[in-house]
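**Student:** Sequences are here, hints too, so could you generate the full structure?
In numbering that gives the first Met the number 0, the protein residues as written are 0 to 285.
No wet-lab data here; the hints were simulated from the structure.
Treat each hint with caution, since some may be false.
With a straight-line Cα cutoff of 30 angstroms, these simulated DSSO-like cross-link-like pairs (lysine-lysine) come out [as the list claims (entries may be wrong)]: (1) K193 x K243; (2) K204 x K96; (3) K193 x K75; (4) K204 x K243; (5) K204 x K193; (6) K75 x K96; (7) K1 x K75; (8) K193 x K1.
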Amino acid sequence: MKHADVVIIGGGQAGLALSHCLGRAGIDHVVLERGRIGERWRTQSWRSLRLLTPNWLNGLPGSPYDGPDPDGFRTKDVFVHDLETYASRWQVPVECKVEVTSCRRTGGGFALATGAGDWLARVVVVATGHCDRPMMPFVSETRGGPLNIHASQYRSPGELPPGGVLIVGASSSGVQIADELARAGRRVMLSVGKHTRLPRLWRGKDIFFWLCQMGVMAQPLDGLANPESARRQPSLQLAGRPDKANVDLATLQALGVELTGRVRGIANREIAFADDLAAQIAAADA
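**Tutor:** Below, the structure written as structure tokens:
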């Protein structure tokens, strides 16, 4: 049985950043990562993915961005390398390929079971991210039909079978994948549900500059009027393109992407769409 004051589950940017802060405070801790550092960036995203946030916003505690392109957008591979460098520089006590299989309360804290032995901790921090489990509606209805994958399984246009592609969801992942597929010559239909639309640039500055100036990025969750509603907000309809161009419903339509309302149901290999496209667009612009 191993012991630590704090066990952090997850070796991504949040887990590594917290480890740095705990280390500076002299608090005994360990980071348990089921794969490698930044595993989700490595294996659960498409090959051309870039971060949505500009480089100047992606610094971690003790390591602010000091490169030559503060307003650029790092590729996922560069970001993974940066996470590894950060962990090495600050000597993060991370144990990789250790999956936590259970966590339960004990009299003095928590008992954790892993594939590499058990841990006791006074405090446990779950830093696995908010996209740990893919949501796949209508799985049973599409079984045995055309290929049906989650965005985390998509890699590139050339790795999909020939034919048209229906993308369900028009937040950041949906619009970026639709853009890439359309530029590759695929016929693409985008099912548009609830989404949040913002311009990439406003008055010559990245939108995140203005969100920071307004205090939005520093607002604690418990300071919001409805924290639970905030948790369920879709990700911003943005893309981290090198040319800093918008990727939204208008630009996708210009590429030939067909827009439709939400998927209402699937039966006998036929898809029913809700007649709510105009309402979804109006709500995003409200």
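**Student:** Hey, K193 versus K75, does the alpha-carbon distance stay inside 30 angstroms?
**Tutor:** 26 angstroms, holds
**Student:** Between K193 and K1, is the straight-line Cα distance small enough, at 30 angstroms or below?
**Tutor:** It is violated: about 45 angstroms lies between the C-alpha atoms, which goes past 30 angstroms.
**Student:** Mind checking the alpha carbons of K204 and K193 for me, to see if they're no more than 30 angstroms apart?
**Tutor:** OK: K204 and K193 at ~26 angstroms, within 30 angstroms.
**Student:** Please verify whether K75 and K96 have alpha carbons no more than 30 angstroms apart.
**Tutor:** 20 angstroms, holds
**Student:** Hey, K1 versus K75, does the alpha-carbon distance stay inside 30 angstroms?
**Tutor:** Between K1 and K75 the Cα gap is close to 34 angstroms, so the pair fails against 30 angstroms, i.e. violated.
**Student:** Is the hinted pair K193 and K243 satisfied, with a Cα-Cα distance of at most 30 angstroms?
**Tutor:** 24 angstroms, holds
**Student:** Given the hinted pair K204 and K96, is their alpha-carbon gap at most 30 angstroms?
**Tutor:** The hint is violated at about 41 angstroms.
**Student:** Holds or violated: K204 with K243, Cα cutoff 30 angstroms?
**Tutor:** 11 angstroms, holds
Violated hints, listed in ascending order, are 2, 7, 8; each of the other numbered hints is respected by the structure.
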